[in-house]
Structure formats: C-alpha cells, structure tokens
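Hey, can you work out the whole structure from these sequences and the hints?
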Amino acid sequence: MSSSDIYRELILDYYRNPRNFGRLDPHDIDAKDSNPLCGDEIEIQIQVSKDGKMEEVHFLGKGCAISQASASMLTELAKGKPLEWTKDLSKEDILKMLGTSDLGPARIKCALLSMKVLKTGVYAYLGAKPEEATGSQDIDH
Amino acid sequence: MSSSDIYRELILDYYRNPRNFGRLDPHDIDAKDSNPLCGDEIEIQIQVSKDGKMEEVHFLGKGCAISQASASMLTELAKGKPLEWTKDLSKEDILKMLGTSDLGPARIKCALLSMKVLKTGVYAYLGAKPEEATGSQDIDH
Amino acid sequence: MLRSESLRVDEIRKDFPILQREVHGKRLVYLDNAATTQRPKAVIDATVEYYSQHNANPHRGVHQLSLEATEAFEGARSKVASFINASTEETIFTRGATESLNLVRYGWGNSHVKTGDLIVLTMMEHHSNIVPWQLLAKQTGARIEFVGLTKEGKLDEDHFERLMGQSPSIVAFTHCSNVLGTINDAARLSARAKRAGAITVVDGAQSVPHMPTDVRAMGCDFLAFSGHKMLGPTGIGILYGRRAILEEMEPFQSGGDMIKQVHTTGATWNDLPYKFEAGTQDSAGAVGLGAAVDYLNSIGMKRVRDHEMALTAYALEQMSKFPGITVYGPMNAKDKGGVVSFNMGDIHPHDMASLLDEEGVAIRSGHHCAQPLMELLDVPAMSRASFYIYNSFDDIDALMQALSKARNVFCL
Amino acid sequence: MLRSESLRVDEIRKDFPILQREVHGKRLVYLDNAATTQRPKAVIDATVEYYSQHNANPHRGVHQLSLEATEAFEGARSKVASFINASTEETIFTRGATESLNLVRYGWGNSHVKTGDLIVLTMMEHHSNIVPWQLLAKQTGARIEFVGLTKEGKLDEDHFERLMGQSPSIVAFTHCSNVLGTINDAARLSARAKRAGAITVVDGAQSVPHMPTDVRAMGCDFLAFSGHKMLGPTGIGILYGRRAILEEMEPFQSGGDMIKQVHTTGATWNDLPYKFEAGTQDSAGAVGLGAAVDYLNSIGMKRVRDHEMALTAYALEQMSKFPGITVYGPMNAKDKGGVVSFNMGDIHPHDMASLLDEEGVAIRSGHHCAQPLMELLDVPAMSRASFYIYNSFDDIDALMQALSKARNVFCL
Ligand SMILES: Cc1ncc(COP(=O)(O)O)c(C=O)c1O
Ligand SMILES: Cc1ncc(COP(=O)(O)O)c(C=O)c1O
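Chains as they are written, first to last, in the working numbering: chain A, 17 to 157; chain B, 17 to 157; chain C, 104 to 515; chain D, 104 to 515.
It should be emphasised that the hints constitute simulated quantities derived from the structure, not laboratory data.
Careful, some of the hints might be misleading.
Below, in silico cross-link-like pairs of lysine-lysine (BS3-like), each with a Cα-Cα straight-line distance of 27 angstroms or less [said to hold, decoys possible]: (1) A/112 x C/508; (2) A/125 x D/182; (3) D/508 x B/125; (4) C/363 x B/48; (5) C/254 x A/78; (6) C/363 x D/241; (7) D/508 x B/112; (8) A/78 x C/508; (9) A/125 x D/363; (10) D/241 x C/241; (11) C/182 x B/125; (12) D/241 x C/217; (13) D/144 x C/144; (14) C/117 x D/144; (15) A/97 x A/107; (16) B/95 x B/107; (17) D/254 x B/78; (18) C/254 x C/424; (19) B/125 x C/363; (20) C/144 x D/117; (21) A/125 x C/508; (22) D/117 x D/182; (23) C/241 x D/217; (24) D/508 x B/78; (25) B/125 x D/129; (26) D/363 x A/48.
Sample of chain A residues facing chain C (criterion: CB under 10 angstroms; computed from the structure) [unchecked claim]: (27) 25; (28) 80; (29) 81; (30) 82.
Backbone N, C-alpha and C define an ideal beta-carbon position, used for all residues, glycine too.
Structure follows, in structure tokens:
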C-alpha cells in the first residue's frame, strides 16, 4: 500500500479533529511516552470504573498525522472495554484500526506509539511490568 | 638495488666494528636526534680546531645496521674537513658513501639520520638555524 | 528565472552508481545532501583499490605494503590540507566533524577554560557544536551565551558585538547553518573574536563541501568538517588547527601511534599531527576522502558554489510562489548554502517526508539536530531539501510536483 | 610435526584479492596480521554495495535510502553483538580498540576514579591500554601498578593476587598479548578483579579476531576490539560494556544522535547504545564489519583458533631448531595466539624486516606499541610474525627460508 493511501480522509479527519483530545480530570491512569527520533509525543489518561472498565479515555500529544490519528482512534476503541482487553491488543489490531495492512518500518512506530502508552499505563495500574506483559519488540522504539 | 646488496661486507663491518664510536671529551659540538618510527638514535660530538676544521668526530647511538654504519662512515668522512663542508653535504653524498644508489623510503631515513644530526650540530655552532640552512625535506623525519 | 546549470549535471550523475537506482519505481531524487552526500565511483574505486592492493598499517612497517599504505595515507592528508590551504601538520584526521569538535573541547577546553569564563555560541548551531560546550561549561563552571538571530535568520550582529565586549574565551559558530542555510562571515567573526581574546572554532561541516575554503584567509583557530558530507567515506573527518595552538594542546585520545615514548612512569607525545591521532589510522577512509577531494577539485569549488546558488535561487523562487509553504532562513541565495527548510500547511514534516519518498524524492524531516533553533522559531520540526553537484533543476521540479501531490493528499 | 591444516587455506586465499599480488617479484607472504589483517572480497563488496545502493544517514530519515541504511547499520550491530554473545544495547561502535579504551577512560574513569585509587595494568599491555590510564591517573591522582611477568612471558599470578589485595578500582589487561602472544585467562582474572571491587577492562584486540568470544562467560565489564584486525574495514571498532555500568556512565563524545533533547540550558541523553555514539555513524564501516563477522562465522571461530594454533606450533618448532634465534613468550602454542616475536643474532629487526620484505615476506619490526615490555625484556626491538586464516604451512616455510637468507647476508 502506498503511503499516500494511508492519509485517507479518515486519518486526516482524526488528525484535524481529534476525538477525546485534552485532559481528563480526575483520572486513574496517566501514561506518556515519546518517539525520540521524530519527536512524536502521546499522553493517555483513563478513568476506570468499579468493575475494571475504561470508562473514559483521553489523549494529549503532538506529532505526525499517523501518531495523532492513531491515538485518537485508539481512545475510541478502548472506551468501555475492560482493562484486560489491552493485553491482547496487537500491532495487527492497530493496523486494522487504521484501515491499512502495512506501514513500513519508518511509520509503524508512529502508529504504535499510542498502543505502547496505553499498555504501559494499564499494566502499571494493574501492577504488572509492561516488558513482561507485552513481550513484543515491535512496540519498542 | 635489492636491499640485501646494501648489507655488503663494508656496511656490516662498520655496523659491527664502528669507527669513531664513543664519547669525545672535551668537545665543541654535541647534537643528537632519533627516528621515532624505528627508534634509531644518533649522537655526534666534534672537536673544532682554531681554523674551523672538524678535528675529531665521534658518534654514539643504537639502531639498525644502516643507521649505525652510515654514522660511523660519516664521522670518517667529516674528519679534517672545514665546518662549511657540511653545508653542501647531500643525500646523494650519503648514498655514494654507502656505495648504493637508492634505499627506498623506509630505509633512507635510517641512512640520513646521522647527516641530519651533523648538520644540526654544526649549524647550531655556526649560529644559523638548521631549517634555513638545509632547506631539504628529505632529511626530516 | 534562468535555468542555467554551471555544471554538466548529466555527466556528473553518471559517476554516481546510487543515482541510477529507482525508489518505489520512481527515479531517485536525492535531496538529503546536508545529512550525507553520495559517493562517486572514483571514491568507491579508490577504497577498493586500497584494500585490494595496498592495505597495511601506515607509518610503522618496513615492508612494501606498509610503505604503500603510508604513501596513500599521507598523500590523502596532503590533498585535504591543500584543499583548505593548511599545512599537513595542521590537518588532523578524526572520525567526523563531531569528533573534531570534541577534540577541541577535551584537548583545549579542559586545560584552558575556567570558572566564570564565557563560551559564545549561536542559536543556529548543530547539536555537535552545542553539547560539547555545554558539558565543558558544566565541568569547568563556565557559562554559555547564544548569539540571537534576526527575523531573516541571520546572525544578530549587535548581539554578537555585545558579547565580544565580555571577553569570551571560546567563540564557536557554524560557517553555514544546516537548517537555515545562512552563511556567516567566518573571517570577520573570527577576527572580531580574536580581538576579544577568544579562540575561534568554526564548524565547517556545511561549508567546506560546498564552497572554496582557505583557513588562512578565514583566520580561525580551528575548523571542523566531515568526509561523508563531501563525497567521501563515512567515518572520516578533519580538524584543522592552527599550529601554535595545537602545539601547546594536550592530546585528546591516547594510545598507539600518538606517542614518542612510553614508560611505566609516563609518556611523551609524537609530533603534529600524529599527537592527535591515537590508534590505527582509518587509512581506507583517508584514501577515500583524498579521492573525493580530487573529484571536487576536478570540478572546481567555485563552480560547485555557483551551481548550488543557482539551484537554491530557483528552489526559493518556486517555493515562494507555492501557496501555503513557509520557508525558513534567508530568501536570497547569495546569503545561504544549498539548504532550503520549509513547512506546508498543517502537514507534519514526518508525513511530508513519507509522501515525497513515495515520489522518489528523498528529503529530511525533523529537528535536524538543531533543537534550540526549533524552539526559537517555535516549530517542532521542518522539512529540508539540500543540494549538491549532481542535483539539477529537474530535481527541484520533481520536488515541487511531489509537494503538489502532498497538498492534494492533505486536501490543502 | 604434522602439517595438517584445519582450514582449506587454498580456497580461503582466493577470497582475498591482495594475496594475489606480488611483492618484489615474489609471492606475497603476509605475516603482519597482528598489525592489521587483509580484507576478503565479501567485505569489500559489502562496502561497495552499501555505497552503490543504500547509502544515507541511518536513524533519522524517513525516506527509503535512510531506512535501508538503518537496517544495514543495525543489522551489522546485531551480527557483531551475537558474535561476542552481547546484546545490541551493549555493543557500541567506535573507531577502534583505542577509542573504545579511551571511552572507558573518559566515560567511566573521569567520574569514578579518585586520588589514591589504584589502577592495575600488566607489563604486556599495548600502549593503547596504558597511556589512557596514565593520563587518567595524572588527572585524578590515582596510581598505577603493572603486574609483572614470569620468565616464560606469562602473567605473574602471585603479583596479580597481591595487587588484588589492595582493592584496585580498575583492572585493565589484554586477553592476548600482541608481542608475546600470551593468552590470559580473562574469565578468571575478571572474576578475581570483581571480587576485589574493581571494574574490569579487557583488551580483546588480539583475541576476538582469533578465537570464540563470549562476554557473558568472560564476565568482564568492558571488552575493546578493532574491525581492521578481523577482516573488517579500517576506522571501525567495538566497545562492549555491561548494561548496568553503561547506564550509569556519562557520555564520552557529544553532539548529534547521542542526545534525546537539547535546550540552550542543557541536554538529555539517548538510550543505549546511542548515548555513546556521537555524530553521524560510520555506517559503511559497520556494514563492512558485519560482512567480516559473517565471513568468520562461515569458517567458525573454533576452527580459526585450531588453525592458528597448528601454524604457531609449527613456527615455534621451526624457529627453535634454527640457530641464533631467540623467541619471546610462551613456547607452547596452546598458551598463545598466532604471534611469534623473535630476534636473530645481532640483526636489528629493522634490517630483518627489510631483508624478509625482499623475499615477499611481510613481518613487523619495532617496539610493537609495547615499549614497557621491551624495557622489561631489555631489547630495543623485535621482529614479529603473526598469522591468520589465509596463512599456510608454506608461508612459514617461506619465512624460514627468508630467515636463512638473512643469516647469510649478515654472515651469522
Ligand atoms: C593488544 C592491542 N591492543 C590495542 C590495539 C589498538 O588497536 P587499534 O590501533 O586498532 O585501535 C592493538 C593494535 O594495534 C593491539 O594489538
Ligand atoms: C552544521 C553541522 N555541524 C556538525 C555536523 C556533524 O557532523 P558529523 O555528524 O558528520 O560528525 C553536521 C552534520 O550532521 C552539521 O550539519
């Protein structure tokens, strides 16, 4: 797939009109990371319900269209799901969410940054170490 | 000329039985230098006569056969000559003295070290700067 | 605008194997030359020949290969020295501009800079000409001031002048900015800094490859540059240093080849330039750099500069006609090297680089190792196109076409 | 003695273009491998291919070439890391063993060593593993002790043990001497030094190219080696460092690529290993080293070691039968690398090297960057023959024949 196809209206729309953007107060989970090579930054804040569901999921950040749209879509996807749901979340899920099958080594990190942040936050909340739980090199930068 | 030809009996003889080897006391001129790449060291001491002749010329040193034989031969050649004689001394004279026409870049420095020391000492004695007087890159290491 | 090329780009392009390849089925339009340039066949061949025929350690061996290697290595040094009008004793091989600057930090800075001393930098420096001085300042208690920029992206001369009034001990500045392209008047700044009592460190990484260089005319104490930005191999660079200052300096790295004698109790140093070249030399790198210098000389640095100036003028003209593009730095090609940094609408440079790549156009996106400048200009990142001898007006047309496409994709 | 080659030297020799050339009309017999090795076609080709197809700056670019360059560069790092059983984060590219050792001096030594601290070296170290520590000692007020040698040229274990009792802060030693060939038991020495509370710095310049290496089994904190001594390009080397210790270390050189963020007020560092790799990477050098590792792996390091051991045993045997030759170092090939240093009668090594060169035999003469060892053994210089995978029993026969000729010329 050519990279211009990635910027289908959908992604551009999320880039320009990000859903769930901005601080979420109060929150139970707050995690943040950046991609040092390109400067993309993502912070995710979550309100957790009594029964362990992600009731509200917000993000803040700056960076390229792919990182920002991907973060925004992910907040929508995660909202209402149980915390455990993040454990099974994979690179493939993110690509599917973005409506693409491949992004190439340069841009895949942009797309996966928000997943990495989400997992880091949720695992920390659950008291597990993120490294053990994710087990995948792909989400590292 | 092949390098084994250089080690004709003559050079070997001077290497093993160096003429004018050892300290010369008293002396009017004393100069010393070394070739940092191979470690050859030559020191030359000279007694100067009233009329500006090199009455006695001795050397000390250690190193390869070529550097040591060349130094020994040079002391013989210089003995009795006026100080000015060293000014005209050239690379060609040294090669002739050694009985060879060429030594190649690696060994020519060994052969010329004693000439460099001699010139340095004599020029210092005459109050001139060695760089100006020699004017040749060949004698530098 | 006249599209007159002062170089025969078609001929030159034939010398560069990589320019024959395609990217995503498109002709490669390589516009990332400020990051690294490509290598002509002459440089590649020189490396191959060195390894296939002469490879050995220079300087120490008596055997034939070692003599040939010494000749090749020192021959390369002579070429580079003449290229910048320096002597061979003043021409030190390093791994690149970054190591050259670190050599000055450690070799001169550690033993000369004291608490309260002033180090003057500029807001357009590359990280390699910032961080070594920050670490030196931290270690010694010196302070750093950054000369500001004008709106146009040139050095704020008044600010520079005011700082010179404070008698800095080091003034380090780039000859040509890798982001704005701004060319600083290195001779004038050096002379002024000298009068103020400072040593002058010029970062020539973006100037030496692109214009005639004369360290005597420049009058600086140090000049740093990299081989890979001037057609040479990766991993080799140069520090020029004025002889008098090199002689009084301490070595930086130490070990084999930079010593005269080593005892268990201490060591003495070799002559210049060897005192600063510890360890086995990168002889193949030096030989490749020598071949690059030959290649550039065969073109002529004056013509290299003229060619890049023509390309830059054309690019600036095209970009200023293009809606939504912001160009950073001087808008007159005479004032800048062949570097054009820009942004377009809300397209993040990272996305921009991807979109152009798809068209075969290679540019750089990001902070360009100049984060303080990004902060000053209040942009997180920029796209940058940068030119060299093998670029043509067609390449700039290809860039502009790719930019049109990007605008369409982003519906600007 | 059985002349059984564990390698197919004839086949291997075909891979090395330079071994096809003649010197003074004779077949080149290259026995200066401890200085630098030659390059197989695979290494030369990898360099050519990199420059002709993929050259760009790794890491920062988004465009296709930059991605390919990143893959090539990091791919090479992975190869080197597995070669020594390290992780990629612990495998730092440097310019060579000398820079690797200087990195430890500056990066660890400057911030950890204090007045009165003890640094332990050995009498068989190369200048590159002496001078950096002497400068560190001078700067910090630390003191240095050199472990002595036995008559056989092995480490004086009692002396080592006594020095360990003094709780040194650094113990730096060579894994294999470049003069005597002596192989030190790096694992045992490292373990002992650790118990004494020291960090351990192993100079692997002469061991990594010649035998299987496992940094975990070795248990050292640092291991330094050079690419050019293991079929790789000039100008590239490696510092292995244990992760925990690298993490707490200060950077050595600073500038582009080793930072996370730079502000006018200061900077933060990049992750491992990048924190220690300032400036544009020597990507072509890394790629060439990766190809060299592939080549060595295709032979197998165990077989490399066996082959060299067989050659060394044969050379030692021949030399001990030869009247007038003094060999330095252990006389059992099991105890040493493929390095045989010797002198013959009153022939100065410099003359010896010339005479052998005339027969096409390339050896090294001089102090071998080990002047303290020369002083200890009370010889001004030595001749040295050193072997690698492309050397055969015939090469040693050629050496012995050339030695006979030298003896005749000098009428011994
Ligand atoms: C034992 C030893 N250590 C260190 C070095 C230094 O290696 P390099 O000159 O490649 O930095 C060498 C080689 O010269 C060596 O033989
Ligand atoms: C202006 C400037 N200075 C210094 C450098 C550092 O050069 P290198 O990375 O080759 O050491 C660069 C290039 O990256 C540069 O553009």
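Results for each hint:
1. A/112 x C/508: Holds: residue 112 of chain A and residue 508 of chain C sit about 26 angstroms apart, inside 27 angstroms.
2. A/125 x D/182: Answer holds: residue 125 of chain A to residue 182 of chain D is near 23 angstroms, not above 27 angstroms.
3. D/508 x B/125: holds (24 angstroms)
4. C/363 x B/48: Roughly 15 angstroms separates the two Cα atoms, so the pair holds.
5. C/254 x A/78: holds (26 angstroms)
6. C/363 x D/241: holds (18 angstroms)
7. D/508 x B/112: holds (25 angstroms)
8. A/78 x C/508: holds (24 angstroms)
9. A/125 x D/363: OK: residue 125 of chain A and residue 363 of chain D at ~17 angstroms, within 27 angstroms.
10. D/241 x C/241: holds (21 angstroms)
11. C/182 x B/125: holds (23 angstroms)
12. D/241 x C/217: Holds, at about 19 angstroms.
13. D/144 x C/144: This hinted pair holds, its Cα atoms lying about 17 angstroms apart.
14. C/117 x D/144: Status holds; Cα separation ~25 angstroms.
15. A/97 x A/107: holds (18 angstroms)
16. B/95 x B/107: Status holds; Cα separation ~18 angstroms.
17. D/254 x B/78: The given pair, whose Cα atoms are some 26 angstroms apart, holds under the 27 angstroms limit.
18. C/254 x C/424: Roughly 20 angstroms separates the two Cα atoms, so the pair holds.
19. B/125 x C/363: It holds: about 17 angstroms lies between the C-alpha atoms, which stays within 27 angstroms.
20. C/144 x D/117: holds (25 angstroms)
21. A/125 x C/508: holds (24 angstroms)
22. D/117 x D/182: Within the cut-off at roughly 24 angstroms; holds.
23. C/241 x D/217: holds (19 angstroms)
24. D/508 x B/78: Given that 27 angstroms is the threshold and the Cα spacing comes to 24 angstroms, the pair holds.
25. B/125 x D/129: holds (25 angstroms)
26. D/363 x A/48: holds (15 angstroms)
27. 25: holds (8 angstroms)
28. 80: Nearest chain C Cβ about 4 angstroms off; hint holds.
29. 81: Status holds, d = 5 angstroms.
30. 82: holds (7 angstroms)
Against the hints set out earlier in the document, no violation occurs for any number.
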